[in-house]
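Starting from the known structure of chain A, arrange chains B and C on it as the hints suggest.
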Amino acid sequence: MLNNKLELFFKKNIEIVILFAILLLILFSITVLTGGKFLKAYSLEAMAFQMPLLGLFALAQLIPMLTGGIDLSIISTANLCGIITALILTKLNTWYAIYIAIFLGLISALLVGIFNGLIISYVGVPPIIATLGSMILVKGVSLAITKGYVISGFPDNFLFIGNGYLLGIPVPFVIFVLFNLIIAIILYKTTLGISIYMVGSNPLATLFSGINNKKVLFKSYLVSSFISGIASLVMISRFNAAQADYGGSFLLLTVLICVLGGVSPSGGFGRVLGVFISVTILQIIGTGFNLLGLSSHLSNALWGIILIFVIALNKLYSRIR
Amino acid sequence: MSEILLEARNINKYYGGVIALSNLNFVIKKGEVHCLVGENGSGKSTLVKIITGVVQPEPGAEIIIDGVKFTHLTPLEALKNGIQVVHQDFSLFPNLSVAENISIAQYIKKFKPVNWKEINSIAKETMNKLGINLPLNVPVNMLSIADQQLVAICRSLASEAKLIIMDEPTSSLTREEVEHLFKIIKDLKNQGISILFISHKLDEVLEIGEVITVLRDGKKIATVNRDEVDKQKLTFLMTGKEIVFSKNQYKSFENNVVLEVKGLYKKGQFSDINFKLNKGEVLGIIGPLGSGKTELALSLFGMNPPDKGEIYLQGKRVKFNSNIDAIKNGIGYVPEDRLNQGLVLNHSVENNIVITILSKILNRFRLIDSLKKRNISEDAVKKFNIKCHSLDAPVKSLSGGNQQKVVIAKWFLTLPKILILDGPTVGVDVLAKNSIYETIKELVSHGVSIILISDEIYEVLNNCNRILIMKKGKIVDMLYPEEITEEELYQKVWSKEDKLKVL
Amino acid sequence: MKIFFKKEYFKRNEFYIFVVLIVLSLILTLINPTFLTFNNIFDLLRNNSFLGILALGELIVLISGGIDVSFTAITTVSQYIMGLIITSYYLDNIFLTFLIPIPIGIILGLINAVIIYLTKVHPVIITIATLNIYYGLLIFFTGGKWMYSFPPSFTNFAYIKVFQISTPEGITGLSIFTLFWFLLAILTWVILRYSPIGRKIYAYGGNAEAARRAGFNILNIHLFIYGYMGLLSGIAGFVHAQLGQIIQPNAIVGQELDVIAAVILGGASISGGSGSVLGTILGVLLFAVIKNGLILMKLPSYWHQVVVGLIIAIAASFTAYQSKMKNKRMVKIDVE
Numbered sequence: 467m468l469n470n471k472l473e474l475f476f477k478k479n480i481e482i483v484i485l486f487a488i489l490l491l492i493l494f495s496i497t498v499l500t501g502g503k504f505l506k507a508y509s510l511e512a513m514a515f516q517m518p519l520l521g522l523f524a525l526a527q528l529i530p531m532l533t534g535g536i537d538l539s540i541i542s543t544a545n546l547c548g549i550i551t552a553l554i555l556t557k558l559n560t561w562y563a564i565y566i567a568i569f570l571g572l573i574s575a576l577l578v579g580i581f582n583g584l585i586i587s588y589v590g591v592p593p594i595i596a597t598l599g600s601m602i603l604v605k606g607v608s609l610a611i612t613k614g615y616v617i618s619g620f621p622d623n624f625l626f627i628g629n630g631y632l633l634g635i636p637v638p639f640v641i642f643v644l645f646n647l648i649i650a651i652i653l654y655k656t657t658l659g660i661s662i663y664m665v666g667s668n669p670l671a672t673l674f675s676g677i678n679n680k681k682v683l684f685k686s687y688l689v690s691s692f693i694s695g696i697a698s699l700v701m702i703s704r705f706n707a708a709q710a711d712y713g714g715s716f717l718l719l720t721v722l723i724c725v726l727g728g729v730s731p732s733g734g735f736g737r738v739l740g741v742f743i744s745v746t747i748l749q750i751i752g753t754g755f756n757l758l759g760l761s762s763h764l765s766n767a768l769w770g771i772i773l774i775f776v777i778a779l780n781k782l783y784s785r786i787r
Numbered sequence: 003m004s005e006i007l008l009e010a011r012n013i014n015k016y017y018g019g020v021i022a023l024s025n026l027n028f029v030i031k032k033g034e035v036h037c038l039v040g041e042n043g044s045g046k047s048t049l050v051k052i053i054t055g056v057v058q059p060e061p062g063a064e065i066i067i068d069g070v071k072f073t074h075l076t077p078l079e080a081l082k083n084g085i086q087v088v089h090q091d092f093s094l095f096p097n098l099s100v101a102e103n104i105s106i107a108q109y110i111k112k113f114k115p116v117n118w119k120e121i122n123s124i125a126k127e128t129m130n131k132l133g134i135n136l137p138l139n140v141p142v143n144m145l146s147i148a149d150q151q152l153v154a155i156c157r158s159l160a161s162e163a164k165l166i167i168m169d170e171p172t173s174s175l176t177r178e179e180v181e182h183l184f185k186i187i188k189d190l191k192n193q194g195i196s197i198l199f200i201s202h203k204l205d206e207v208l209e210i211g212e213v214i215t216v217l218r219d220g221k222k223i224a225t226v227n228r229d230e231v232d233k234q235k236l237t238f239l240m241t242g243k244e245i246v247f248s249k250n251q252y253k254s255f256e257n258n259v260v261l262e263v264k265g266l267y268k269k270g271q272f273s274d275i276n277f278k279l280n281k282g283e284v285l286g287i288i289g290p291l292g293s294g295k296t297e298l299a300l301s302l303f304g305m306n307p308p309d310k311g312e313i314y315l316q317g318k319r320v321k322f323n324s325n326i327d328a329i330k331n332g333i334g335y336v337p338e339d340r341l342n343q344g345l346v347l348n349h350s351v352e353n354n355i356v357i358t359i360l361s362k363i364l365n366r367f368r369l370i371d372s373l374k375k376r377n378i379s380e381d382a383v384k385k386f387n388i389k390c391h392s393l394d395a396p397v398k399s400l401s402g403g404n405q406q407k408v409v410i411a412k413w414f415l416t417l418p419k420i421l422i423l424d425g426p427t428v429g430v431d432v433l434a435k436n437s438i439y440e441t442i443k444e445l446v447s448h449g450v451s452i453i454l455i456s457d458e459i460y461e462v463l464n465n466c467n468r469i470l471i472m473k474k475g476k477i478v479d480m481l482y483p484e485e486i487t488e489e490e491l492y493q494k495v496w497s498k499e500d501k502l503k504v505l
Numbered sequence: 289m290k291i292f293f294k295k296e297y298f299k300r301n302e303f304y305i306f307v308v309l310i311v312l313s314l315i316l317t318l319i320n321p322t323f324l325t326f327n328n329i330f331d332l333l334r335n336n337s338f339l340g341i342l343a344l345g346e347l348i349v350l351i352s353g354g355i356d357v358s359f360t361a362i363t364t365v366s367q368y369i370m371g372l373i374i375t376s377y378y379l380d381n382i383f384l385t386f387l388i389p390i391p392i393g394i395i396l397g398l399i400n401a402v403i404i405y406l407t408k409v410h411p412v413i414i415t416i417a418t419l420n421i422y423y424g425l426l427i428f429f430t431g432g433k434w435m436y437s438f439p440p441s442f443t444n445f446a447y448i449k450v451f452q453i454s455t456p457e458g459i460t461g462l463s464i465f466t467l468f469w470f471l472l473a474i475l476t477w478v479i480l481r482y483s484p485i486g487r488k489i490y491a492y493g494g495n496a497e498a499a500r501r502a503g504f505n506i507l508n509i510h511l512f513i514y515g516y517m518g519l520l521s522g523i524a525g526f527v528h529a530q531l532g533q534i535i536q537p538n539a540i541v542g543q544e545l546d547v548i549a550a551v552i553l554g555g556a557s558i559s560g561g562s563g564s565v566l567g568t569i570l571g572v573l574l575f576a577v578i579k580n581g582l583i584l585m586k587l588p589s590y591w592h593q594v595v596v597g598l599i600i601a602i603a604a605s606f607t608a609y610q611s612k613m614k615n616k617r618m619v620k621i622d623v624e
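Protein chains in written order, with my numbering: chain A, 467 to 787; chain B, 3 to 505; chain C, 289 to 624.
Isolated chain A, as found in the complex (with noise of 0.2 Å):
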């Protein structure tokens, strides 16, 4: 009986048990190469500052990615909510500073996501091409406001967001856990997280049954563009500072988060659970590398090589299935 029970739960499951599996591996590698230190509270805890960082990014991208396409703009359009705070922060000094900066940031955020579902969605412009025009677009704005300079000097309480601690959790970490139980309940439990998964997999048969495509393209846009308002807040909180050009590396990473979380580049699958384990994944080892002196760039490397073995695996697997 039980026999059963596990062998169902593995078939259903078996790129996250894949993915766990890698995880363990990964991290008994790690602790052993770096001699117990990674295990240590303060590596750990620099490590819950840290993931939900990328973490956030790859939620952002996990949503356009299930309908089959790619939100190229995510990195642009949190730098240029980032700035936008960081404006008003730096500008403003009355209490309720904290609230409009990060209202208005958040609405930049939006007003990207709007413009990209438009073309998207209503025009009918393929995503990659969109989302491009569109990242270099709110790049170009971000620079014509900062003039290539950094904004800095944020008060403490908005500090708190990228720095402080809510129960002895990392503040950024419980958001990014928040936003993975809220964006899972999207998908898992509303109507427009099926029709995203349908939508992705058969946009014609989505059509005919009466499913509003546009309006699902256009809120996946939305969405992804508020998840980078949110990074962006935890970013510029964390470094203190807002810049037009930050995490230009973060964005081949997010892709890449999505495909080896189990996310299908051609739409329709992927669980937020498998990008979750993903970001953890990438995080061990890029702290690990850290701790071990190791320059970033080796593990970029290890990340392409890890990406490959993953997805080979995979395939492997489907065709012994």
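Hints were generated in silico from the structure; no laboratory data involved. A portion of the hints provided could be inaccurate.
[To be verified] Here are the simulated lysine-lysine pairs, DSS-like style, with alpha carbons at most 27 Å apart:
(1) Lys478(A) / Lys384(B)
(2) Lys384(B) / Lys471(A)
(3) Lys398(B) / Lys781(A)
(4) Lys362(B) / Lys281(B)
[Said to hold, decoys possible] Partial list, derived from the structure: chain C residues whose beta carbon lies under 10 Å from chain B:
(5) Phe326
(6) Lys488
(7) Gly493
(8) Phe504
[What the hints assert, rightly or not] Residues from chain B that keep clear of chain C, each with C-beta distances beyond 10 Å, as calculated:
(9) Pro77
(10) Gln108
(11) Glu162
(12) Gly194
(13) Glu209
(14) Asn387
(15) Gly402
(16) Glu440
C-beta atoms are modelled at their ideal positions from N, C-alpha and C, and glycine is treated no differently.
Quick look at chains B and C alone, frame taken from chain A:
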């Protein structure tokens, strides 16, 4: 020189525990038009895959092509030995020109540079052999479906085919185009090329075939000459059961008009469309492809707004800007292209069933109620007798007939007043067809009014209360099944005349 | 010329791009007369030969229905190894120098091809991975130090002009690198039009399954596409080092989207099956003209981004709208 082009001996194929083909022996003579018939799952496609080298038979098999013995084939070997396939999807290159698609085999031959003059001349020559004249430099995706098929056939010819396998070649053709295709098949035969014609349409098989092979459950049941069988006998051989195509008696219904269409017109598609639909009625619309049936249906469904004309639902005038409007007003549409337009193949049966009523399975927090979702899907599966081993299985794992029932089920759940069925039994085997006809009866018993669009004579005769004949965008006749025989209806629909009866 | 006119169906896109290019150039000359001078034009052609060469490789990848983003890493790696060899061993032979990055680029490209073919995953994912692998390993093993003092044969080569003319601003001429670009463009055109592998690439991009059924050797097609991209990346690496007379490893990675944007501006379809050398050249020139115009208008560099982004969004919207209209037209043909 032997008369035999291809002989397959002792063909077996197992997939794990499943026997796809067992102990099959099969002969095609040169210049023969050989038809292959069988239900879904009979082994037809496996046999074709083995002949074309895509799949290898179990050891012990022999395939002899023009005297040359093989134990198995690779795709390239099959091609080199003159075996060509015209697939259901034609396998053309949409972005390349007609000439290039026809002469594509040139690219595999040697390492010589592309000679455009030669490409064009080979294409022209091949088309001449069949009496076809298509523009050489047009990209193939700009041609009509029928013309694309002609290009695919020319391609096989230009590749020096000895055997051309045609897989369900007439599913997208009008009657006239089918006749043209048959003429071409005869021309090919006269040039010594053999044709293997695979089709569900028994009428056509009986018209064009010289020899017919029937498969069932992986075995060859019989190989007969054309004049030894008729449709009834063929069906018996294919299914092992007697299926009587008798007319069903339908309940009479009140004159309660649920839908009225006046003066509907759309440029290039249909014109002067007027008809009424009563509650509980099954109204058939029959006509050749290209008569505008589907375009009219999509108009009623809101996806193809007409240029002129009025639609009245239960006496009230309606205008649909999209199918979402139509659905809100109680109209559903079961599309002909089930795989691309009707189902999200990779998703579960459950998801495909509830996709139309997502807003109705929410709990009070506006989140999806999984229990409700599961119950509704289970009920639907029971009601429509859908065979699947789990609600979570991807819908692509179901047979054609069961897939179609999923589509019907999902529309049923929207509690439609009017359900439009467009070619609901296309590509569905005979036994499942009957099951779907039962489903239609079930729908009617719930008060749903049905518009049944079809190009199969007996389908409309047996299931409809009233039949409209549509040709070239116009409704040319209306009649009742009890007043007409199969042959008479066949003549009215497929004749070249365009007699407009004043309605 | 006859060939060009017969192929009306395929050529309309390039005509529009050409018109836009001319119009923009004229507008720019009105704003700043130094734009349409020989000096500026030859400079433009010289500086964009790097982008132009890469665009040719990417064109072939796009036609096949894929996207390659690893070429910047391949360019960097082959360029860096070339630099290491000529500075460490003081190789003073420009011909041999030119030969070094080529096999490196080809090999890295072939690795891409094999992985893409075996895993059957969309090339954009695989090449994102290999981008990180190639670049990451390079920096890790070499430290990524800049190189700027090269043997004289290397430095002197950069000044070579194919022909020179005298203008009021001084002596200027067509750079040898522009010649590289145009020669490679012609080679690419010949391959696409007159070689079987070229036509197979179009076919594969149009319908991959049909290509398989027709008996095409899919592995060979992949090897050629990504191997060719690798070859061009290697040459581009040489050209890049020549143009700037400096090798900075982090200079090239990050420009992937510029190249892809130029190719798309040139009319290549992101979903594969269409695209032309002429269009790509025009796309690169258009991209360059826009950027050059912005500089001449004395717009600060960050405005460039805005304009380029807008243009891509507009160009893409235009193409999307066009194909929507074409689809509507096609439905009618079918019915009647």
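Now the hints, each set against the structure:
1. Lys478(A) / Lys384(B): With a Cα-Cα distance of about 25 Å, the restraint between Lys478(A) and Lys384(B) holds, given a limit of 27 Å.
2. Lys384(B) / Lys471(A): 26 Å, holds
3. Lys398(B) / Lys781(A): 20 Å, holds
4. Lys362(B) / Lys281(B): OK: Lys362(B) and Lys281(B) at ~25 Å, within 27 Å.
5. Phe326: Hint violated; Phe326(C) Cβ to chain B Cβ min 37 Å, cut 10 Å.
6. Lys488: 6 Å, holds
7. Gly493: Because about 7 Å separates Gly493(C) from the closest Cβ in chain B, which is inside the 10 Å limit, the hint holds.
8. Phe504: Constraint on Phe504(C) satisfied, holds at 7 Å.
9. Pro77: For Pro77(B), whose nearest Cβ neighbour in chain C is about 6 Å away, the distance does not exceed 10 Å, so it is violated.
10. Gln108: 8 Å, violated
11. Glu162: 13 Å, holds
12. Gly194: About 23 Å separates Gly194(B) from the closest Cβ of chain C, which puts it past 10 Å; holds.
13. Glu209: Non-interface label stands for Glu209(B): nearest chain C Cβ at 25 Å, farther than 10 Å.
14. Asn387: Given that every Cβ of chain C is farther than 10 Å from that of Asn387(B), nearest at about 34 Å, it holds.
15. Gly402: With a cut-off of 10 Å, Gly402(B) remains clear of chain C, as the shortest Cβ separation is near 21 Å.
16. Glu440: 33 Å, holds
The structure shown violates the earlier hints numbered 5, 9 and 10.
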